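So the protein sequences, as listed, match chains R and W. Under the working numbering, the first residue of the first sequence carries the number 1, and numbering increases by one thereafter. Under the working numbering, the first residue of the second sequence carries the number 1001, and numbering increases by one thereafter.
There could be a bad hint or two in this list.
As the list claims (entries may be wrong) - Taking lysine to aspartate or glutamate pairs in the EDC-like style, the calculated list, with each CA pair at most 20 Å apart, reads:
id : chain 1 : residue 1 : chain 2 : residue 2
1  : W       : Lys1234   : R       : Asp83
2  : W       : Lys1234   : W       : Asp1117
3  : W       : Lys1057   : R       : Glu84
4  : W       : Lys1335   : R       : Asp78
5  : W       : Lys1234   : R       : Asp82
6  : W       : Lys1234   : W       : Glu1147
7  : W       : Lys1335   : R       : Asp77
What the hints assert, rightly or not - Per label pair, the in silico range of CB-to-CB distance:
id : chain 1 : residue 1 : chain 2 : residue 2 : range
8  : W       : Trp1198   : R       : Pro73     : 25 to 33 Å
9  : W       : Arg1181   : R       : Leu59     : 37 to 45 Å
10 : R       : Met1      : W       : Gly1178   : 26 to 34 Å
11 : R       : Gly69     : W       : Trp1198   : 34 to 42 Å
12 : W       : Leu1202   : R       : Gly69     : 23 to 31 Å
13 : W       : Ser1440   : R       : Pro73     : 55 to 63 Å
It is worth saying that the hints were derived from the structure and are not from the lab. All values reported here derive from a predicted model rather than from experimental measurement. Ideal Cβ placement from N, Cα and C applies to all residues, glycine included.
The lines below spell out each chain.
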Amino acid sequence: MVRFALVALFVTLPLAAWGAIGSEDPGQMRLAYLDPGSGSFVVQALIAALAGIGVTTRLYWTKIKSMLGIATPANDDDLDPDDE
Amino acid sequence: MTSTPTMSEQPVGASFRDPSGFVFEHEGQIYRQVNSCYASDYAALMSSGLYEELVSKQLLVSHEEVEPPTRACPEHHLTLRPMQIPFISYPYEWCFGQLKDAALLTLRLQRLALRHDMSLKDATAYNIQFPSGRPIMIDTLSFERYEEGRPWVAYRQFCQHFLAPLALMAKRDVRLLGLLRVHLDGIPLDLATGLLPWRSFLNRGLLLHLRLHARYQSRHEGEGAPARPRPLSKQAFTNLIEDLRATVRKLEWTPHGTEWAEYTSGDSYETQALEHKQTLVRGHLKDIGPTSAWDLGANTGVYSRIAADLCERVVSFDIDPACVERNYREVRQAKEERILPQWLDLVNPSPGLGWAHNERDSLASRAEADVVLALALIHHIAISNNVPLPKIAAFLATLAPHLVIEFIPKGDPKVATLLATREDVFPGYSREGFEAAFGSCFEIVSTHAISGSDRILYRMHRRS
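Excised from the complex, chain R in its bound form (with noise of 0.2 Å):
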């Protein structure tokens, strides 16, 4: 959670820069037979750049760790593997 608050520090300047820019209308939408809810479609992409800045940090701690000759545990799971 700390290390969520630093991170967005430094991510929340380009994000204000991608949210002047990302406001185009996507056009045409195929609608699905499933009701996506209006809600969760308007926050989708404001909870994805959220979470991108977790992805960031993950892997931002991810390499420190690496640096500092910290071993990550690998993903040993065989039902959920990282599929490179």
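Chain W: place on chain R using the hints.
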């Protein structure tokens, strides 16, 4: 836009929402009709390499394209016969680990789909089954061509079917899985966030995907198609999926402290009695030669594993979520393929649910086993739950033709414990009463006293 099947097909109860096609049964086989509106998505699925990758990794059921077995309706494009699944289970019958693995599989499918420019158009837990121990996707028509910029139409459904129940089980109470019986399209996010302890929102993933998500849902409730939603780039979409994955992975539930999880370690059996019982059960199963077995009150699955050596598949039921979880962890660890651990309260088994009571089938209507094992079980049903022995016999007779059942008399320590705090209103609960009750529905094939105890093991065959 939805197709109407002809009278000669019987679509399965839950298969009516997706216009891409529907599932139907014909002469005991399951088929999937692909409608013409899905033709180009189907072609993309098959030609993009996604189908090959998913089937080779055993993440999606394989299928073959066949001639329609009955007269096809005008919407018909293709008929598929997918890999058959003998026993269908539902998310409200799973343990925590199964739901978590199903969630991670769904996210993995989406991740792999995006690499082939495809995407999941729904994320329902009912699309996942466990025919060989591990989760697999059964709805081939869930994949559609990806359009860059389009937000994930299945995001709400994923959060309600998977993330909300997993968070509730991990952070509040494992029994909250039962909410999925009431909310067939997943737990509403406002309900989930209301029930979760405030500490759970120190978890960033739950804060975003549940709490913030719920807030936006209520804010935009009752609106039609979203007005100018922000486009979601492919990279942002990937980040969203990755974050959901990290959030789900962090959710843990440790099975301990519930009533029966410690059953095998403080066992009242002497070793000799246990070994004798196992030998008897093995012998009965060898004689019966079943293809499939149901083990009721299976605990962590000791006898299910004996049965699994002697038949093709075993469904291993228990009322204690900790036992089902331990059973499933063993299945995962040992990569077992014949055992399906399931949660079941035999006194209140899964009913028919959904539209016209017909979308999700009752437990009894899914019975397809050759033999039922009811070991160390009957006293719980008859005494703790006051179900008369004739009623128990009648219900068990509907489940399978063969029965291997253990009678525990009143003198046994376990039964004495059950009677310790209550009046003994069970005059019919005796060996004679048991044999009379079961004798009307079953023919008693053999009787063995279990050495070192007062318990008796019966093998029975249902009367026709």
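The hints, checked one at a time:
1. Pair hint Lys1234(W) plus Asp83(R) holds up; C-alpha atoms about 18 Å apart against a cutoff of 20 Å.
2. Distance hint between Lys1234(W) and Asp1117(W) is fulfilled; the C-alpha atoms sit about 10 Å from each other, no more than 20 Å.
3. With a CA separation close to 13 Å, the supplied pair Lys1057(W) and Glu84(R) stays within the 20 Å bound.
4. Pair hint Lys1335(W) plus Asp78(R) holds up; C-alpha atoms about 10 Å apart against a cutoff of 20 Å.
5. A distance of roughly 18 Å separates the Cα atoms of Lys1234(W) and Asp82(R); the hinted pair therefore holds under the 20 Å criterion.
6. A threshold of 20 Å between alpha carbons decides the hint, and for Lys1234(W) with Glu1147(W) the separation of about 9 Å falls inside it, so the pair holds.
7. For the hint linking Lys1335(W) to Asp77(R), the alpha-carbon distance of about 12 Å falls within 20 Å, and the restraint holds.
8. For Trp1198(W) and Pro73(R), the hinted distance range of 25 to 33 Å is satisfied, since their beta carbons lie about 30 Å from each other.
9. For Arg1181(W) and Leu59(R), the Cβ-Cβ distance of about 40 Å falls inside the hinted range of 37 to 45 Å, so the restraint holds.
10. Between Met1(R) and Gly1178(W), the C-beta spacing of about 31 Å keeps the proposed range 26 to 34 Å intact.
11. Remark: the range hint 34 to 42 Å for Gly69(R) to Trp1198(W) is upheld by a beta-carbon distance near 38 Å.
12. Here the CB-CB span from Leu1202(W) to Gly69(R) is close to 30 Å, well matched to the stated 23 to 31 Å.
13. For Ser1440(W) and Pro73(R), the hinted distance range of 55 to 63 Å is satisfied, since their beta carbons lie about 59 Å from each other.
This entry satisfies every hint, going by the numbered hints stated previously.
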